[in-house]
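Participant: Residue numbers (our numbering), protein chains in the order written: chain C, 590 to 1313; chain L, 20 to 327.
Because the hints were derived from the structure by calculation, they are not lab data. Computed from a predicted model, the values in this text were never measured in an experiment.
Listed next, with one range per pair, are the computed distances between beta-carbon atoms:
(1) L:Q216 to C:R1311: 31 to 39 Å
(2) C:A658 to L:Q216: 41 to 49 Å
(3) C:A612 to L:S309: 52 to 60 Å
(4) L:Q144 to C:S646: 53 to 61 Å
(5) C:S646 to L:R248: 14 to 22 Å
(6) C:L607 to L:D260: 33 to 41 Å
(7) L:D260 to C:A612: 27 to 35 Å
(8) C:W654 to L:D260: 17 to 25 Å
(9) C:A658 to L:S309: 47 to 55 Å
(10) L:D76 to C:E629: 57 to 65 Å
(11) L:S282 to C:E629: 27 to 35 Å
(12) C:A612 to L:R248: 21 to 29 Å
(13) C:A658 to L:A316: 56 to 64 Å
Derived contacts from chain L toward chain C, CB cut-off under 10 Å, selection only:
(14) E112
(15) M114
(16) S212
(17) G254
(18) R269
(19) A270
(20) H278
(21) H279
Yeah, the Cβ is synthetic: ideal placement off N, Cα and C, and Gly gets one too.
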Amino acid sequence: MIPPTLFSAWSFASLGMLGWSAAVAIPIAIHLWSRRTRHEVSWAAMQFLLAAVDKQSRRLRIEQWLLLAIRVGILAVFALAVADPLLSGTAILQLMPDTNQRHHTVLVIDVSYSMSARPHDQQAGHGTLLDVAKAQAIAMVQQAAQGDGFTLVTLTESPRAVIASVAFERDDVIREINGLTIDHQSASLNETLGEVASVLERAERRYPELEGSRVVLFSDLGLTTWEAAATPAVRRQLAALAEDAELAVREIGKPIDDNTTIGMLTTTTPVTPVHRPITFEAVVRNHSLQEQRRRIEFLVDGQGAAQQALTVPAEGNATATFTHQFRAAGQHLVEARTDDDRVLLDNHRWLSVTTPASIHVLCVTSTPTASRYIELALAPSPAGVSDFTTEVVSDNLLIDTDLERYDCVILANVGRLGSDEAQHLRQFVIEGGGLITILGDQVQRRSYNEELAADTSASPLLPATLGELVRGGPHRLDALQYQHPLVAAFRGHQRAGLLTIPVWRYVRLQPQAGARPALAFHNGDPALISQRVGRGRSVLLATAADADSIDRSTVPIVPWSAIVSWPSFPPLLHEMVHFSISGRGENDNYLVGEPWELSRREPTMTASVVLDPNGDPLATSAGGSSASLPITRLSGVYRIEQRTGDRPLRQIAVNLPVEEGDLSRLAASDLPAELRAVEGSIDDAETAGIDPQPSQWFRIFLGAVILLVLVESAFAGWLDARAA
Amino acid sequence: MATSPKSLDPRTLAKLSGLRLRARRIVEGYVAGLHRSPRHGFSIEFAEHREYAPGDDLRYLDWKVFGRTDKFYLKRFEDETNLVCHIVFDASESMGFRGPQAAISKVEYAACLAASLAWLVLKQQDAVGLVTYDQQFRDELPPSNRATHLHQVIDVLERCQPHSPTATGPILKQLAQRLQRRSVVILISDLLSDTTQLLAGLRALHGRRHDIGVLQIMDPAELSFPFDRPTRFRGLEQLADVVADPRRLRAAYLAELEHHLASVRRACRECEIDYCLIPTDEPLDRALTSFLSRRMARASERSRPSNS
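Next comes chain L alone, as it looks inside the complex:
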C-alpha cells in the first residue's frame, strides 16, 4: 500500500474545519492512491455468468472460466446499477471519547469515514443512506443518489452530539426488519456495547442477506491502555467509575478487550461480514483503502467458488 500523504493524517485533518473538506481530502487522497477504478469497491454482489457478446466490457470477462472451458463468459452482478448503501453510524456517548494521544475523537474520525464512503458511493451514481443511533435511531436519511444528498449526509454527521448510551445490537435487529431490499450496510461504531446482543444484531442483518461491512473505530488508548499512575476512570454511558492502578490492570483489561475483539471477528467471519478495526491514529485513506480492498478481495473470493 502506498504511503499515505501527510495531509490525510488524523492530526492534519483535525486542523481542517468542516466535514465536507475533510471528506473531500480523504476521497481525493484515496482516489489518487488507487490503480483501479473506485467503482470496484462498491460493485454489487456476484449473481451469474453469461456468454460474451460483442461490445461487452472485457473487464468483466472471466478468464479463469475461459481457461478451463475455452468459452467467453462474463461475470454478471446483481443490481448492477441500483446499489443502495446504508451507513449505520454509532453516535453514542462512547464515540465521543478521545484518548490522551489522539488528535480527534472517535466520532469525528467515524464521521470522516462515513462522509468519505458516502462520497464514493455517490460518485458511483449509487444511492447512499445514513442512519445515526445511540439507544435508538436518531437521524435517518433515506438512500438517494442525487449529488446534493451528500450535503444532507454531511449535515447529519456534523450535527451528531454523542451523549447517550448505545444499544447497537437491538438497533441492528430493528434495522434488519426495516430494510426490505438487499443492500450494503456499513456499520461504523466502536462496538462498545453488549457483545452478545451485538453479534445477534449482526446475525439478524446477515440473515436478511445484506452485504455488511463493519468498521470498528477504536481510540489507540483503548487498544493499549497506556496509563501508568493511579487513575479514576470515569465511566461513559452511565457506567460506574473505577479507581485503579492501571499497571496492575493492564493485562486483564487487554485480555478482556482481546476476547471481545475475537468474538466480533469470529462472528463477522461466520457471517461473511467485512470487518475492519481502525484505530483513530491511522490515516483515513489507509483505513478506507484497507476496508475497500478487503471487500474487493472477498468479492473475488465469492466469485471464485461459483466459477469452479
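This is chain C alone, in the form it adopts within the complex:
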C-alpha cells in the first residue's frame, strides 16, 4: 500500500508549468459546448429516438465520460510531465523497509565550496546546491516518523559534528541545518567518514533503543572529494559503517561543466621596495571542454587598476600579467577577479604584498672586513637609491639583536654559533625571515653542523651539512639550466660572469632532504643551495665572499674565491636576498584551512582584533609567543585592526584551494557498493531555485501521455467504426 505521505512528497522542478493543467478545461469546454450546440432539428419520429436513447444512454454516457476522461488525462499528465515531477528524498526513505522501527539518521551535508555553485546562470535570488541539500535534509526531518533521531555532520576538509548527540526535536535539527554555511575549502571523505563513525558509535552507546541507523550523504559528488571513495582506506571505512547503518548518497544538482577559476595570483618579489614596480601574474583555469573568453580585472587596495581579456583554452590555463608600482610603503592588497559564473567564490583571488621603503639586511661577521664587499654589493651606488639598508654586527652581538627588525640575516664568514644563537636565527627564519650563510676560512664546520645543520626535531637551518674543504681549482660553476629562482635572472646573460666566477676553495656540501641546488661545481658538488625552513628560506654559499678568506695551508696561499671582484656578485647577492625573504610575503597569504599565526612581538598585536571577510571578529587564543587563530573556513581578506581604531594593521589574504574549482563529478554508478545512490529530489527544490536532479518521472509521464494518446485514438476510432 502506498503511504499517504507519499503524495505530499511530490514536488515539481517547474511548478509554473503546472499552469498547463488548466488546459484540461479545453476538452470539458468542448464537451459542454457540443452539448449546447446550436444545430437543432424538429423531429417527428421522436418515439424511436427516445427509445434508442433510453437503451443506449447508459452505455453512451459511459463511453463519452471515458473518452472525456482520457482526453482530460492526456492534458493533465502532459502538464505534470512538463512540470518535471520529483519525488522527495523523504518519500524515498519512507519506501525503505521496516518503517516501524525508531531510526537514527546521520545527515551528512557537503559544505565544500563546490556546493556554492548556482544551478542556474547567474540568476539573482536563486539558491546554491547547498540550499538544495539543506531543503532536502529538512524535508527528510519534517517527514520522519515520530521518535526518529538525527545527527548532523558536515562533509568538508575539517568535518564537524554539528549535532553530535542524537537530537529528537525536529525544530532543533532544522535550525542547525539551516545554520550550515559553505566552507571555502574542499572536503575530505576520509575525515568525514571517521567523524560519522564516531557519531554512530556514540549514538549506539547512548540510545540503544534506536534500532536502525541510516547515513544519508547530500553531496554534489565532486570528483575532488569522491575520487577518494575508491581508495582502500575509505572502502574499509565504508564497509565498517555499512555493518552498522544503511548508507545512501543523494546527488545534488546537475553536473556543471563551465566553471573557470583564478588558480593563482603571485609575484616573484613579494617583498619589494616601494620604488620598484612589481609584476603580478594571475592564472585563469578553464575546467570546461570549451574555450572560454574571460575578462580579468586587477584591483589594488580596492581600486581598479587594470583589465585584460583572456581566451582560456579548454581544460587549460591562461595567464594575465600586471605590473604596478605602489606609491606608498607598507602592506597592500591586490585582487584579481573574473566574470561571474556558476561558482562565484573561485572568481576572486587576493594577494597581500609588502612594499617597504627598503629591505633591511643584517650582516653578521666575525671580522670587520668580511662584510665590506657585501655592503658594497648591496649598495653599489652610495648616491643612488638602493633597495637595501644594511647593518653590520659582530657575531657576539647576534643574540642580543632583535631580528624582527630585519628581513634578511647574512652570516658572512662567521666562525661559530652557539645553540642560543642558532635558536634565535631559527625562530627568525621560521617566521619568514631570510638567512644567507656565506662560508669562509673562519667557519668552524663542526659547529655549523651541530647547531645549524643537525637533523634535530626542528628543521635544520642550513640546507646542507658542511664537509671537507675542497682544494684545487679553479673550479668552474654550472647554473643547472638556470632552473632555480636564485639564478633564473642570469638566463640569457652569460656575459654577466656567473659561470666564470673563479673558485679555488670551497666546502663540500651534503644537501639536506628537500634542499635544492641553484649552482653546482662541474664535479657536481653544490655551490649555492637553498631550503625552505618554516615560512623562511635559507641559502648557503659553499665558498667565501670576502677577500680575506685564504688557504694558508698551501704555498703560495690561495684565496677561496674571487667572487667579490666579479661583476656577477652584486646581482647574485641581490637575488639571494630577494629569494631568501620571499617567505615574508607568505606571512600574509594563506589558503583556507591553513593555520596562521600572529606574531606577538609586534607591539600592536596584543591590542588588536581579527575580523573575518564578513567583518565578524575572530577569537584568538594566546599560546606561547604567538596568538593562534581558529582554522579559517572563509576565503577573503582578514583584517587585523586595533581595538581602539578601525585602521587595519595588517590584511591577510586567505584564498581557496584551487582543486575544488574542478566541478567534475563521480558518476553515481561508480560509487562503492556500500553506498546506494538515491534518485529523486525534494519538495523545496523549487523554492531553492535550482534544477533538481534529473529524474525518470518526466519520461514516465511523457510515456503515459503517449500511451493515453494511443488509447484515445484507438477508442475514438472504435467508437466511430461502431457508429458507422
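Given the structure of chain C, go ahead and fit chain L onto it with the hints provided.
Facilitator: Relative to chain C, chain L alone:
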C-alpha cells in the same frame, strides 16, 4: 413498372401550387402508366360466381374455373356499383415534418396522395369520404360520388394545419364503430403513435370487415437518420427534446424503427390489410401504382382460393 415522368417527382410537384393541380397531374400520370382500367384498382370485394349469360362482360369470365370444369362462370363482386371509400387522413403535428433533404412535408405528400385517390374513386363513379384527425376527428366529409365532391375533399385537405399530437389507434377504433357499412378504408398516416393502440385500431376496423389500406408516409430522413454532428432533436407532438450524437444513436434508432415497421407489417398481414410504406421522395404516381397494384394482386389472391 414504367419510369415515372419527372413531372411527378415530389420536387417538381412541390413547385405546383394548389392541391387540385397536383392531384390532377398525379392521376393523369398514373392513368397514362396503366395498361388496364383504373376501375380495377378499386373493384369491390369478390362475392360469388354465377354462370355466364350472353351479353356478360367477358373480362369477368373466370378462365381457371373454365379450365377445370369446362363451364363458364363469371366472378361477381359485392356492391359492384356502390363502392364507398373512406380516406382517413392523419393531420397530426408529426405529419408536418419535412426532413433536410425532402422537397415537401409528409402532410403535403399525403394530401397529394389523398386527393389523387379521391379523384380516382370519383372517376369510377364511386363515393369517397374524407376524415382528418389528430387526437380527435377534425374534418369529416361524408361519402359522395358527385363530381363536385372532389372540390370539397381538396378544400379540406388544403386546410389541414398539423399542430396537435396524434392518437391514430383510438381514432381508428372510433371509426370502426361509426362505419356501419362495409367500405374501403384508406389510412394515410405516418403511424407515429403508440404501436399497440395503432394495431388495436387496425384490428378493430378489420373486425368490421372493412377493406383496409394503409399508406404509411415517412420522410427519408426518418428512415435513414442521416445526421452526423451532435444535434438537438426538438420533439414534435409534445415529446421531450433529445441532445445526442446521431452517429452513436443511428443503429439503435434504426433498430427501433425497424421493430415498429415490422410490427405494423405483421399486423397488416394478419388483418389482410394492404400496407405500403412510402417515403416522401418517391414519385407519387409510383407510390400510387405500387399501392393499387398490390391491392389488385391481393384481390386476385382472394378470388383464387374461392375458385379452387
